[in-house]
Amino acid sequence: MQTYAVLGSGVTSHLDLVVGGLPLRLCSEDSELLSAATRRYDGFNATERTPFSIQVDRYHSPQGCGNEFLCEFEGARVAADASSAHFSGVQHEYALDSLLRMLLSWALLPDVGFLLHAATVLRNGKAYVFFGRSGAGKSTVATLSPLGSVLTDEISLLKRIDGQWHAFGTPFWGEFRAAGTNRSTPVAGMYRLSQSPDDRIEPLRPAELLKALLPCVLFFSARTADHERLLEILTLASREVAGYILQFRKAQTFWEVISS
Amino acid sequence: MMVAANGIWQKNPALAWREIENETVIISPAESVMHELNDTGSLLWRSIDGRRSAEDLAALLAEQYEVSARVALADTLELLDELSRRRLLITIESAPVEDAA
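Protein chains in written order, with numbering that gives the first Met the number 0: chain R, 0 to 259; chain L, 0 to 100.
Hint data in this document are derived by calculation from the structure and do not stem from the laboratory.
Quick list of simulated restraints, FRET-style, between CB atoms:
#1 R:Gly65 - L:Arg50: 34 to 40 Å
#2 R:Arg204 - L:Val32: 19 to 25 Å
#3 R:Arg132 - L:Ala4: 41 to 47 Å
#4 L:Val32 - R:Pro202: 23 to 29 Å
#5 L:Arg85 - R:Glu71: 22 to 28 Å
#6 R:Ser195 - L:Arg50: 45 to 51 Å
#7 L:Glu81 - R:Asn66: 33 to 39 Å
#8 R:Asp110 - L:Glu30: 23 to 29 Å
Partner residues are not named here, just some residues of chain L that face chain R (Cβ under 7 Å, in silico):
#9 Ala13
#10 Ala15
#11 Arg17
#12 Ile19
#13 Glu20
#14 Glu22
#15 Ile26
#16 Pro28
#17 Met33
We put the beta carbon where it would ideally sit given N, CA and C, even for glycine.
Go ahead and model the full structure; you've got the sequences and the hints to work with.
If you want it as structure tokens, here you go:
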């Protein structure tokens with residue numbers, strides 16, 4: 000971990016992270032913000048060669064840091080190119096967190112990866128990805144799963160490595176209020192959550208899985224080429240990963256229908 | 000608006016789309032909206048190339064699905080009208096909808 004957060008104004012320090020195998024370096028003169036980021040992203044620290052460099056500023060300033068990806072969130076702004084980004088107007092750690100999600104959703108495209116509103120639970124060495132919009136039951140699934148088996152309860156990162164899909168933990172919190180785990184595991188299946196009085200499971204065809212995934216994918220680019228790439232990646236995932244609808248009641252018994 | 004049988008259409012270049020299992024998923028990045036086409040819609044979508052008229056497209060539909068030319072043309076015009084109203088298609092004489100980027 001490379002963190003030098005207790006420094007005076009005008010001194011740039013940095014925090015090195017790895018999320019989904021993507022090395023990131025947050026650089027800022029704002030020691031308060033970096034300290035908050037250090038706490039928030041604890042467990043995702045790692046130093047890799049040639050990290051993606053992100054300059055983080057509390058105020059807006061003219062910076063020549065690319066315009067391949069541009070996005071705004073409540074007054075904060077991200078501008079990025081293939082190797083670096085500039086976050087400006089970052090008044091607090093929550094804005095930093097939002098911009099980081101936005102950037103990752105775009106920066107993962109070359110690595111055949113994407114972010115998904117999903118809880119991921121590890122079982123017998125495989126990752127079970129439970130996806131759905133807010134209120135679908137992601138946190139319920141996480142709560143009902145054994146301690147230590149939850150990779151993330153809110154935002155999963157899926158990436159194709161050597162022809163196999165892996166789920167990664169992310170530092171983005173849900174109702175669990177605990178950061179995900181920074182590890183990856185091969186994906187066993189993707190399960191569209193639907194709460195029901197009974198536990199039932201129904202397979203999804205690749206086309207059905209693609210259409211179920213799309214509303215749950217985090218993506219913020221407005222460029223057509225980026226959306227084409229995302230569709231290509233999601234189509235690949237839909238063809239290569241088993242997809243299901245999981246009708247479940249709020250009990251651990253849902254594992255029984257998955258196992259069967 | 001009702002489209003003309005001799006009209007020429009092309010896909011809006013601002014869209015991203017993908018065909019999977021004879022269905023087509025179309026994304027409109029500017030609006031973050033997803034559209035879906037079934038197998039007949041996908042056949043027409045795939046065949047819209049800026050050269051074929053509605054009549055040409057209807058002939059393809061009639062050949063593939065063994066329906067009468069009259070029914071195929073009516074179905075084709077209805078779909079073209081719907082796609083046009085959703086700004087997924089443009090006539091080749093019209094200016095393309097600008098990419099939001």
